[in-house]
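Could you put the whole structure together from the sequences, leaning on the hints where they help?
Protein chains: 2
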Amino acid sequence: MHRTYSMRQTRMPTASQVENPPPPLSTTKTSRWLGKGGFGHAFRKNAAGAFGPDLARKLAQLVKMEKNVMRSLELVSKERMETAQQLSIWGENCDEDVSDVTDKLGVLLYEVGELEDLYVDRYDQYRVTIKSIRNIEASVQPSRDRKQKITDEIAKLKYKDPNSPRIVVLEQELVRAEAESLVAEAQLSNITREKLKAAFSYQFDALREHCEKVAIIAGYGKHLLDLIDDTAVTPGETRQAYDGYDASKAIIKDCEGALADWVSSKAVVKSELSTRSRTLSQRHRENVHKQREGVDLSNQDQAMRGDRDSWVPAGQHATYHVVEDGEEGASTVDGEARGRDEERVTVVPA
Amino acid sequence: MHRTYSMRQTRMPTASQVENPPPPLSTTKTSRWLGKGGFGHAFRKNAAGAFGPDLARKLAQLVKMEKNVMRSLELVSKERMETAQQLSIWGENCDEDVSDVTDKLGVLLYEVGELEDLYVDRYDQYRVTIKSIRNIEASVQPSRDRKQKITDEIAKLKYKDPNSPRIVVLEQELVRAEAESLVAEAQLSNITREKLKAAFSYQFDALREHCEKVAIIAGYGKHLLDLIDDTAVTPGETRQAYDGYDASKAIIKDCEGALADWVSSKAVVKSELSTRSRTLSQRHRENVHKQREGVDLSNQDQAMRGDRDSWVPAGQHATYHVVEDGEEGASTVDGEARGRDEERVTVVPA
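Residue numbers (UniProt numbering), protein chains in the order written: chain A, 1 to 350; chain B, 1 to 350.
If you're looking for bench data, these hints aren't it; they were derived computationally from the structure. One should not assume that every hint holds.
Claimed, not checked - Here are the simulated DSS-like cross-link-like pairs (lysine-lysine), alpha carbons at most 30 Å apart as the crow flies:
{"hint": "1", "chain 1": "B", "residue 1": "K160", "chain 2": "A", "residue 2": "K45"}
{"hint": "2", "chain 1": "B", "residue 1": "K78", "chain 2": "A", "residue 2": "K270"}
{"hint": "3", "chain 1": "B", "residue 1": "K78", "chain 2": "B", "residue 2": "K222"}
{"hint": "4", "chain 1": "B", "residue 1": "K249", "chain 2": "A", "residue 2": "K253"}
{"hint": "5", "chain 1": "B", "residue 1": "K147", "chain 2": "A", "residue 2": "K266"}
{"hint": "6", "chain 1": "B", "residue 1": "K266", "chain 2": "B", "residue 2": "K249"}
{"hint": "7", "chain 1": "A", "residue 1": "K249", "chain 2": "B", "residue 2": "K270"}
To be verified - Far from chain B, by Cβ distances over 12 Å, these chain A residues were calculated:
{"hint": "8", "residue": "R57"}
{"hint": "9", "residue": "R134"}
{"hint": "10", "residue": "P142"}
{"hint": "11", "residue": "L157"}
{"hint": "12", "residue": "Y159"}
{"hint": "13", "residue": "D161"}
{"hint": "14", "residue": "P165"}
{"hint": "15", "residue": "R166"}
{"hint": "16", "residue": "L170"}
{"hint": "17", "residue": "Q172"}
{"hint": "18", "residue": "E173"}
{"hint": "19", "residue": "I191"}
To be verified - Rough simulated footprint, nothing fancy, chain A against chain B, three-plus residues with beta-carbon under 8 Å:
{"hint": "20", "segment": "55–65"}
{"hint": "21", "segment": "186–196"}
{"hint": "22", "segment": "219–233"}
{"hint": "23", "segment": "261–270"}
{"hint": "24", "segment": "275–289"}
Even for Gly, the Cβ is constructed at its ideal location relative to N, Cα and C.
Next comes the structure, spelled out in structure tokens:
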């Protein structure tokens, strides 16, 4: 953890790195065409947030950047499946044992590619949920703007024409705008938290499932390698006939079974909290509950004073309603519609 | 496992898919600029193996395709780190708890990106090992060609001029060429197996370590999410002050500790073989050992008959020697030299 709770800390080698020192830097890190990531990715990242309300700008950029991550992940998945096929094609002309094992390794690597493909789909679900936070942010901006505009107008009038009858009208309008804004801000706070939790729960669950499954495949891959007879032959000596077809097929079947049976309740990689973390988290949760019992509603009552009609229930809150609809619908329809919806929302935000 | 031991089988949903049905297809799968993977990747894949000896053609293509996989993986890693930063930048303007948790989530996601980066380096090590098989394949081709050429010439002479004294000379030459070829083929067989096992052991070990570590991070990420207070507030109500800074920092520290302590001997994802697989693998191994005890060397003796001088020891076997040197050196020098070396070997193979 290099960029960590303290950004100034230098990184210590891990126990695993001490056991197996890391290899030299890979060749892909030098000399590359068209810079890193390509034109499309750079364009998408930089253009996001250039339009649309201030409040949603940073999150709009994040959403676009997540799309880049997805496209790159998808490329990895596709290329991994292709290399799996190529490995099998190469092995076909080799001796029987090499041919069989490379073919079966190809099956395993292809499966890794397919799992990556599935992970991309689930990553999109996470991204769609983050988008719904962006949408509520975008919808709260007009109510903030309106409140600010009225406040400015009153100040201007009080300076120019302190006895104007418009001041009273504007002040009433301001009370209404403040009430609307209070609702909007509460919605923003609630939805941000709810969706943030949902999005990252989804992301981490998907990541954990993906990782555990790929680790299972890696284990069976190593079993397959044992079938190759790597004792050296002397020139002219022929290798014996290969009899591992059944064994390799059985290994693949075992792997298939292990993957098909995996459920999150069977996850074996644990992330245990230390006593200290557990105590601190527990104390935090208790504090939240304690405060929740005596909620301070004075602020809310104050804001509504004298102008009950200005209170807009959530259901009638135009911008919020539209965005919520658009988003919830979008997450269930097919990919293309979702893509279109996104363009519309970004360029002409509600 | 769709493309599996039987390519005709359709895929059953896994237990995990039944528990959580997969989401709709991701948006990245439709409408894309410049086709899938971009120009550079397509060029690299298709150009590989267009030059160079037949024997090494398929493997040369695989090596190039693996480079594509690496570049794409690297892009994912870089983009994941960028999104981690952007998440933290967005969170900065939110409420205290959201701000703290998104910042810490950023730390975790950045770490995932760094692990992916390390995995790319280790993937390169696998690829370099596969390259050494390609090199021995390329070096064996000339000796096959030479044997074929002499055989053709003898056949031609016997037809045109059956009493030519050159036939005897050529026949002696053929015996020498056959001996050289026998050595080359044995080297090919030995090195292919040895390197194939080494390459994939390395690949699977790296994959397993990467996956288990990322799964650990995902687990701690979920602990972090618990710190966000997502109970709904009513309009005007203020949330209590956030007191989770110590807890979130402790969680990150726990995660850091878990990652630093991970060693392959502590890997928890097991890939157990069923009794059937174990029996079959065991039987295969026993057969290999049995046959190994009584090696049939008659073939080897026959080939050397009458022409002991033609036997070329491995050390003096020109092409094989050059390639072995080039490869072994290449795997330890820095990335750029390795890249250059690769170009040379592909275009003008030894």
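Results for each hint:
Between B/K160 and A/K45 the CA atoms are separated by roughly 73 Å; this puts the pair beyond 30 Å, and the hint is violated. A threshold of 30 Å between alpha carbons decides the hint, and for B/K78 with A/K270 the separation of about 27 Å falls inside it, so the pair holds. At roughly 23 Å between alpha-carbon atoms, B/K78 and B/K222 fall within 30 Å of each other, so this suggested pair holds. With a C-alpha separation of about 44 Å, the suggested pair B/K249 and A/K253 falls outside the 30 Å cut-off, and the hint is violated.
The suggested pairing of B/K147 with A/K266 is violated, with an alpha-carbon distance near 59 Å, which exceeds 30 Å. Under the criterion of a C-alpha separation no larger than 30 Å, the hint pairing B/K266 with B/K249 is consistent with the structure, at around 25 Å. With a C-alpha separation of about 19 Å, the suggested pair A/K249 and B/K270 falls inside the 30 Å cut-off, and the hint holds. A Cβ of chain B approaches the Cβ of A/R57 within 12 Å, the least distance being about 9 Å, so the stated non-interface status is violated.
Here A/R134 does not stay apart from chain B, with its beta-carbon only about 9 Å from theirs, under the 12 Å limit. A/P142, annotated as away from the interface, keeps every beta carbon of chain B farther than 12 Å; the closest lies near 17 Å. With 12 Å as the threshold on Cβ separation, the claim that A/L157 sits away from chain B holds: the shortest Cβ distance comes to roughly 27 Å. Under the 12 Å C-beta cut-off, the non-interface status given to A/Y159 relative to chain B holds; the minimum distance is some 30 Å.
The beta carbon of A/D161 sits about 32 Å from the closest Cβ of chain B, which is more than 12 Å, so the claim that it is off the interface holds. Non-interface call for A/P165 relative to chain B: holds, since the shortest CB-CB distance, roughly 29 Å, exceeds 12 Å. Against the 12 Å criterion, A/R166 stays outside the reach of chain B, whose nearest CB is about 27 Å from its own CB. With a closest Cβ-Cβ approach of about 22 Å to chain B, A/L170 is found to remain outside the 12 Å limit, as its non-interface label requires.
Listed as a non-interface residue, A/Q172 keeps its Cβ farther than 12 Å from every Cβ of chain B; the least gap is roughly 18 Å. No beta-carbon of chain B comes within 12 Å of the beta-carbon of A/E173; the shortest separation is about 18 Å. The Cβ of A/I191 sits about 9 Å from the closest Cβ of chain B, inside the 12 Å cut-off, so the non-interface label is violated. As drawn, the segment 55–65 of chain B meets chain A at 5 residues by the rule of a beta-carbon pair under 8 Å; at three or more, the given contact holds.
Judged by the Cβ-Cβ criterion of 8 Å, the segment 186–196 of chain B is covered by chain A as claimed, because 7 of its residues qualify and three suffice. Only residues whose C-beta sits within less than 8 Å of a C-beta in chain A count toward coverage, and the segment 219–233 of chain B has 14 of them, enough to reach three; the restraint holds. For the segment 261–270 of chain B, the assignment as covered by chain A holds, since 8 residues bring a beta-carbon within under 8 Å of that chain's beta-carbons and 3 suffice. Interface restraint, the segment 275–289 of chain B with chain A: holds (9 residues with C-beta to C-beta distance below 8 Å; minimum three).
When each numbered hint is compared with the structure, violations occur for hints 1, 4, 5, 8, 9 and 19.
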